[in-house]
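Peer 1: Each chain, letter by letter, is given below.
2 protein chains.
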Amino acid sequence: MGKLITAHGEINTPVFMPVGTQGTVKAISNDELLECGAEIMLGNAYHLNLRPGLEIIRKAGGLHKFIGWKGPILTDSGGYQVFSLAKLRKLSEEGAEFSSHIDGSRHFITPEKAVEIQEILGSDIMMTFDECVHYPAARDYAEQSLNLTTKWAKRSKDFLHNTQYAIHNTPNHSLRSGSGQANAQLLFGIVQGSTYPDLRKRAVEELLSIGFDGYAIGGVSVGEPQNLIHEISSYTASLLPENSPRYLMGMGTPVDMMEAISNGMDMFDCVVPTRNGRNGQAFTWNGELQLRNSEYKEDFSSIDKDCGCMACRKYTRAYIRHLFNAEEILGLRLVSLHNIHFYVKLIQKSRQAIKDDCFESFRLEFAGKYITTKRTV
Amino acid sequence: MGKLITAHGEINTPVFMPVGTQGTVKAISNDELLECGAEIMLGNAYHLNLRPGLEIIRKAGGLHKFIGWKGPILTDSGGYQVFSLAKLRKLSEEGAEFSSHIDGSRHFITPEKAVEIQEILGSDIMMTFDECVHYPAARDYAEQSLNLTTKWAKRSKDFLHNTQYAIHNTPNHSLRSGSGQANAQLLFGIVQGSTYPDLRKRAVEELLSIGFDGYAIGGVSVGEPQNLIHEISSYTASLLPENSPRYLMGMGTPVDMMEAISNGMDMFDCVVPTRNGRNGQAFTWNGELQLRNSEYKEDFSSIDKDCGCMACRKYTRAYIRHLFNAEEILGLRLVSLHNIHFYVKLIQKSRQAIKDDCFESFRLEFAGKYITTKRTV
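Protein chains in written order, with this note's numbering: chain F, 3 to 379; chain C, 3 to 379.
Where hints are given, some of them may not hold.
[To be verified] In the DMTMM-like style, the derived pairs of lysine to aspartate or glutamate whose C-alpha atoms are separated by at most 20 Å in a straight line are:
id	chain 1	residue 1	chain 2	residue 2
1	F	K153	F	E207
2	F	K316	C	E37
3	F	K67	C	D301
4	F	K299	C	D105
5	C	K299	F	E57
6	C	K316	F	D33
7	F	K61	C	D301
8	C	K67	F	E300
9	F	K61	C	E300
10	C	K67	F	E37
11	C	K61	F	E297
12	F	K67	C	E300
13	C	K299	F	D33
14	F	K299	C	E57
15	C	K316	F	E37
16	F	K316	C	D33
[To be verified] Cβ-Cβ distance ranges computed for the label pairs, FRET-style:
id	chain 1	residue 1	chain 2	residue 2	range
17	C	I373	F	D33	28 to 38 Å
18	C	D33	F	A168	32 to 42 Å
19	F	D33	C	E329	13 to 23 Å
20	F	N14	C	Q354	41 to 51 Å
21	C	I7	F	A369	37 to 47 Å
Rather than coming from a laboratory, the hints here were simulated on the basis of the structure. None of the values given here were measured: they were computed from a predicted structure. Just so you know, even glycine gets a beta-carbon here, dropped at the ideal spot from N, CA and C.
The task is simple: from the sequences and hints, build the whole structure.
Peer 2: Laid out in structure tokens, this is it:
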């Protein structure tokens, strides 16, 4: 439990960070995010660099102003796209060349470029550019990739250091950091190393010796079996220093997040609440519901009787099911909103339980009554 | 200008009624509708009867409870679907047999059935079942169709009368009218007659002799040229009694509505604000904008500087353009919301101008600066 201080406000940890890849949490307005209790949102430097492009965001006065979000923003660097857009990129020691999935144009992203993009975006928390390795990865490949990621981490830090020095000596640098202070942007390093514990350990040591404002675990949940996800992430978490923010990237289900908090993780992001919400899957204090199922057709209760979100205060399961059947946008809006609210509240309650020194009993009680359904995505 | 009293509250006229065909104004929540100043919303008896079906809505306690809307609801009867789903229906003296566009199931809608459906829905304002005739219609066909529509109007009124008598004598009738009063539901007649002034005149006379709570002009804007739309609707409007609500169905653009108010019309509904909004077309006090156009890519002003809607208070044209380019749902949400807000405010301001006895100058000033763009739909 802690507080992370950024140029756009403090974040209480543990924290769930809704994902707004293209500068919007899908189907949800900023006011709704605030009503849900969200303290920070995510953007993606790779996607925003392609569209709308940096020039527009720079002219708007940075990403916060462009999207109208006044709270902190964390941006991913594009390292995940090295994995997810593998067919569209060529990797070299220098960086990664991507063919845009939008128009085929070529974009060469280096660690330095990734920091520069995030400086122009004005992200409160920037991520280093890394290679997120696929699963399974041969040990040789994983080791070689880790060497690259470490070099890139070093180059990111050096570039930041140099840039900040340069900015510090330049009169007009307001676009480069939200508060106008050159050191207002934090930079997090990302631990890779695939499923090899010794590589993960080496990655942590190397990043610590470079020194970052926070540390993330990347390269999990990239196709490996569930037990391996937990094994590697909990082992890696155990190596990270307690006095730095620890961020588990892209994870996960409510039960996964609770376990990760147990293992000392502080920060989470995941597309599941919105992606599955668009599909009709709702997360509740009693588990998961697929609201399109016919069992809800005459169920005039709210999605979750213990939830205070707008969807639960104003609408019923039967109505939301009808909206999905009738392909009405309001349906996916309501379930996305509810799910974001649930994720944020779950982590808020976890924070309170840590404060009250009863997190493990809170976690076990929650997991005990949480019924999972078959994943819809 | 007037007040229309319904079981779920008073409506100030002239009024714009946002369209919620399937029980939701597309992409917009009920709270947002209220924030826009909407005093009533529309539903469609034909669509709601097919999906979710009357049984579910009856069990929910009526349409208001099912959709969570506490204000007045007007429902169209399905007469428009006789026109719009012409290939899926067979017409007879008795009624219209539809093949469901959802599952092909057959549904026979008679004037009596249409009233009964709307009674179960609990609509504050019910519409009679009619034949909305296509354009062009031969005079013979138009006349024959009008004969049918008049007979159907009479049968609707008779059925209502009989039902209300029956309800009045039945202990449990709360589902059949919002307030528990048998006469709480209003029934409007619909003037047809295609583009033939004498048929329109006859239609008005026949409906008046039957006697309804309000009168609607149907069968306009069904493919006829713009000048004919105005000619027929203004002529018909001139025949309708001033002391009854006069409803111009399915119209239209801002300038059309203002002209119709000039001609004495009180009530309007139209899908244009939401349908065109989903396409990026915004309505403003200075005319129409297509927000996807590249001219807005670095335009960091609001959609309309004179608008106080959430989209205009919180977001810029450049951001909304980005949302459309990136196919993000928030984009169509914001423009739909703005357009509904604009339509409601335009009619509210018209109402004030009537009160201040300066409507014609208000209308001319508005039309003078209102620049139209090519229709996007």
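Peer 1: Each of the hints needs a verdict: does it hold here or not?
Peer 2: These are the hints, each one checked on the structure:
no., hint, verdict
1, F:K153 to F:E207, "holds (13 Å)"
2, F:K316 to C:E37, "holds (15 Å)"
3, F:K67 to C:D301, "holds (13 Å)"
4, F:K299 to C:D105, "holds (17 Å)"
5, C:K299 to F:E57, "holds (10 Å)"
6, C:K316 to F:D33, "holds (9 Å)"
7, F:K61 to C:D301, "holds (10 Å)"
8, C:K67 to F:E300, "holds (13 Å)"
9, F:K61 to C:E300, "holds (7 Å)"
10, C:K67 to F:E37, "violated (25 Å)"
11, C:K61 to F:E297, "holds (15 Å)"
12, F:K67 to C:E300, "holds (13 Å)"
13, C:K299 to F:D33, "violated (24 Å)"
14, F:K299 to C:E57, "holds (10 Å)"
15, C:K316 to F:E37, "holds (15 Å)"
16, F:K316 to C:D33, "holds (9 Å)"
17, C:I373 to F:D33: 28 to 38 Å, "holds (31 Å)"
18, C:D33 to F:A168: 32 to 42 Å, "violated (48 Å)"
19, F:D33 to C:E329: 13 to 23 Å, "holds (22 Å)"
20, F:N14 to C:Q354: 41 to 51 Å, "holds (48 Å)"
21, C:I7 to F:A369: 37 to 47 Å, "violated (55 Å)"
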